[in-house]
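S.K.: Each chain, letter by letter, is given below.
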Amino acid sequence: MSKRELSASSAAGEDGRKRARGGEENESESGGAVPGNGSSASEAEAEAEYDSQEELKSDGEDADGVAGVAGDGSGDLLSEHDYSWMRLKPDHESRPLWICPRTKHIILEAFSPIAEQAIDFLIAISEPVSRPTHIHEYKLTQFSLHAAVSVGLSTTDIIEVLNRLSKMAVPPDVTSFITQCTRSYGKVKVVIKQNRLFIESGHPGILQTLLRDPVIAQARVFPDADTDGTVSKDGIITQRVPQMGDITIAGTQKPGDKEKAAASAKDIAATAAKAEAGGDLDDAVAEILDKEDEDEDDAEGTVHSFEIHRSKYEDVRKRCNEIDYPMIEEYDFRNDRKNPDLDIDLKPVTTIRSYQEISLSKMFSNGRARSGIIVLPCGAGKTLVGITAACTIRKSVLCLCTSSVSVMQWKQQFLRWSTIKEEQIAIFTSDTKMRFQGDAGLVITTFSMVSNQRKLSAESKKMLEFLSSIEWGLMLLDEVHVTPANMFRSVVSRIPAHSKLGLTATLVREDNKIDDLNFLIGPKLYEANWMDLANKGHIATVQCAEVWCDMTPEFYKAYLEEASKKRLLIYVMNPNKFRACQYLIRFHEERGDKIIVFVDNVYSLKAYAITLGKPFIYGATSQSERMRILDDFQHNPAVRTIFLSKVGDTSLDLPEATCLIQVSSHYGSRRQEAQRLGRILRASRRNDEGFNAFFYSLVSKDTQEMVYSTKRQQFLIDQGYSFKVITHLEGIEDCRDLVYGDLESQKKLLHTVKMASEADAALESKATDGARAGSGGAAAVRRGAGSLKGLSGASNMAYMETSGSGRRAARREPVEHHPLFKRQFYNNKK
Amino acid sequence: MVKAVKGTFIECDPAAREVLLRLNSEEKFIIEDLDSTHLFINSTHLERVQRALDELMDANTYKASNLPS
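So the sequence lines, in the order shown, correspond to chains Z and H. Per UniProt numbering, the very first residue in the first sequence carries number 1; after that it's consecutive. Per UniProt numbering, the very first residue in the second sequence carries number 1; after that it's consecutive.
Keep in mind that the hints are not guaranteed to be accurate.
[To be verified] Here are the computed lysine-lysine pairs in the DSSO-like style, where the Cα-Cα straight-line distance is at most 27 Å:
| hint | chain 1 | residue 1 | chain 2 | residue 2 |
| --- | --- | --- | --- | --- |
| 1 | H | K28 | Z | K557 |
| 2 | H | K63 | Z | K565 |
| 3 | Z | K606 | Z | K747 |
| 4 | H | K63 | Z | K513 |
| 5 | Z | K701 | H | K63 |
| 6 | Z | K724 | H | K63 |
| 7 | Z | K566 | H | K63 |
| 8 | H | K63 | Z | K139 |
| 9 | Z | K557 | H | K63 |
[Claimed, not checked] The calculated label-pair distances, taken between Cβ atoms and stated as ranges, are:
| hint | chain 1 | residue 1 | chain 2 | residue 2 | range |
| --- | --- | --- | --- | --- | --- |
| 10 | Z | K89 | H | A59 | 39 to 47 Å |
| 11 | H | E11 | Z | E590 | 35 to 43 Å |
| 12 | Z | W85 | H | S36 | 53 to 61 Å |
| 13 | Z | T752 | H | L21 | 21 to 29 Å |
| 14 | Z | E561 | H | K6 | 25 to 33 Å |
Derived by calculation from the structure, the hints in this document are not laboratory data. Bear in mind the structure is a predicted one, so any value in this text is a computation, not a measurement. All C-beta atoms in this analysis are idealised placements derived from N, C-alpha and C, irrespective of residue type, glycine included.
Produce the complete structure using the sequences and hints provided.
M.R.: Written out as structure tokens, the structure reads:
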């Protein structure tokens, strides 16, 4: 690895500060060391930078004095990322930051003596991207800068502190980016009144600018007679007295215009344009911004607003961000007298941990509730954060989770930590549909219940109408990374909520939809540092290892020959993997660990569990059997190992488990890897001296699995975990009694694998496990009458003559027509 | 008439040997299959074989730039 990096660095320029991307592809191969995820150019640079620095430490210099090695064609790669024009400050060694002018990434030396203070500051102004041990990466984004402004940092503060920490002067690009993002923030607000959305601003000029935009103009709803009354009532968001400002009234209050409100979207846009033309349009955007201070004084006491369509809300919000008028969605819950209060508080015995407090302080920083997402690792008390937020807002709460099991868990947690009474909690699932008593309350339901628009029972429909009729003070979204899926998007826009709080451990998706959460929910408010929590004992310390198992020649031959689907089965069933698994189980059982083995593929799950004589749970296991097996695992010292399929990924709370072996997994899903790790993070023995939990991932060498495995690890690596690569398990040869030791049995195994059908090779489908986890397992076997022909697959067969001279020829040239059709036929032919 | 062919002695792990055997079934180049880690192949095919092996290994190596986000 070092050679290529050095050559790349020497090509980059004499100060060696900037690296080619050449290092990037090598990182994944370095496996255990400190592999970066290289999700962006600058990060790769940082990692390369770091590695080469480490190697050069003996030279007593940082990268400056790299000896020239012939460049390996990195010149073209550099063109976009050549920052050699940036000059280091003379005392750069004592400053911990780099800032990349193009991508706005910030690279921090986490080993610097002032790193701690720098991290506090960076957390406030930027989003963490990757936090391995020595080098951290942060990214400046619009949203993070908005958050910084709302906690009271000014533009000059941010730039000044950055400048003080940075190894070079803050690049002008970055300065202008920060200024741009911070100056227009907070000028436009979204307000929900009477279940309708209003865009509000103290500056009429800004609203006019917004209305000039076609996207926003289309979404506009013109006020009718009723609206006028309510809009001019006391403001909900602000203390000021909103009046019907020019904007709302302009050209729309005359009776003639009311009809136009009903006209098509295009007409509305046209009207809006006219209205603007009539209004005072001379203010250029720049002028407005310059005058904003004076405006603020003038505007005191007046708030101008216009209404938009609920359905267009997401578009409008996106558009506003694009044209640099980000809307704030803040909820001034303390001054909300209109919505009934919910009598809820934390129980006096409940204490929240420091990081939970920090995350919530980000949400409520200026006494108002801001929508957004809080990212905490599994087992770090996400539920409690949600409950505390609910207790702070004290309005009606709608809580959405992923399955009916977690609905019950949330209910229990609410009762456990807060003073809410049981009759105030309503549960809405396919089995139970309750309503709370009183004006305000808590409804817990699943995403699928509220997003499913078809196939609803009458009762559910009523319930849904009820849900969308209430103004919710807070919408809690558990496992929020699932929401970008199309079916869930409608939920968020249909149900009116003053503030939304998303909770998740893994803010990653393999599609790029994670960015949509910014518009659906809000920005990432807080992301906990996993390593920090582990060091403080809130979650267990985990040793991660990737075990490479050689493919046996027979299996590899079969692997090369098979079609892609069955390849999976072959590399999962690799006898060496089998043996490694058995060896690890034995090793850890002797140490007294409780082990969970994950096998995604049901066919191999059964093969593994039955061969090794361990209990297993998969989608089709009945609820009662599951309970029995899990009980055994928790309380019976004889049962030390269980095998789980995908059903065990989430919402299984097994604090006894201390060791986790992953045999097969869902391709390259980073989320699954993190969630599985979460199963052992809450190990109850985590606070014992020197306690380590173990996470093994078994990988068949020279197969696709290697790619997937590395990809899966990226998320955890960003969180600061490092994976050791084990190419050879110490002492595995000494265990003579491992399965599949001789060639004969291996061949037999290969034969059975080859006989397995394609369906067996497929991974367990998500649909079945989701449904069954909740409802307790439908029967896997269906009994019914069928003909022998049908069972043998012959029922759809039909006898067919295929020789060329037969039917087709006959169709083209019919020999004889009935006289009735004769004329018709020949006429057509002419 | 004696025919001379230039050959290359190859040492590899069993997995790579399987790949070579598979390539051989498409176009013959292995002169002698010695044992599970050694092969003797025709030198004229060396480059092609090397490329094919590299491709396979690349396909099984994760590239950081593959990451979507």
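S.K.: Each hint should be assessed against the structure and marked as holding or not.
M.R.: Cross-check of the supplied hints:
| no. | hint | verdict |
| --- | --- | --- |
| 1 | H:K28 - Z:K557 | holds, 17 Å |
| 2 | H:K63 - Z:K565 | holds, 22 Å |
| 3 | Z:K606 - Z:K747 | holds, 19 Å |
| 4 | H:K63 - Z:K513 | holds, 21 Å |
| 5 | Z:K701 - H:K63 | holds, 16 Å |
| 6 | Z:K724 - H:K63 | holds, 18 Å |
| 7 | Z:K566 - H:K63 | holds, 24 Å |
| 8 | H:K63 - Z:K139 | holds, 22 Å |
| 9 | Z:K557 - H:K63 | holds, 25 Å |
| 10 | Z:K89 - H:A59: 39 to 47 Å | holds, 45 Å |
| 11 | H:E11 - Z:E590: 35 to 43 Å | holds, 38 Å |
| 12 | Z:W85 - H:S36: 53 to 61 Å | holds, 56 Å |
| 13 | Z:T752 - H:L21: 21 to 29 Å | holds, 23 Å |
| 14 | Z:E561 - H:K6: 25 to 33 Å | holds, 31 Å |
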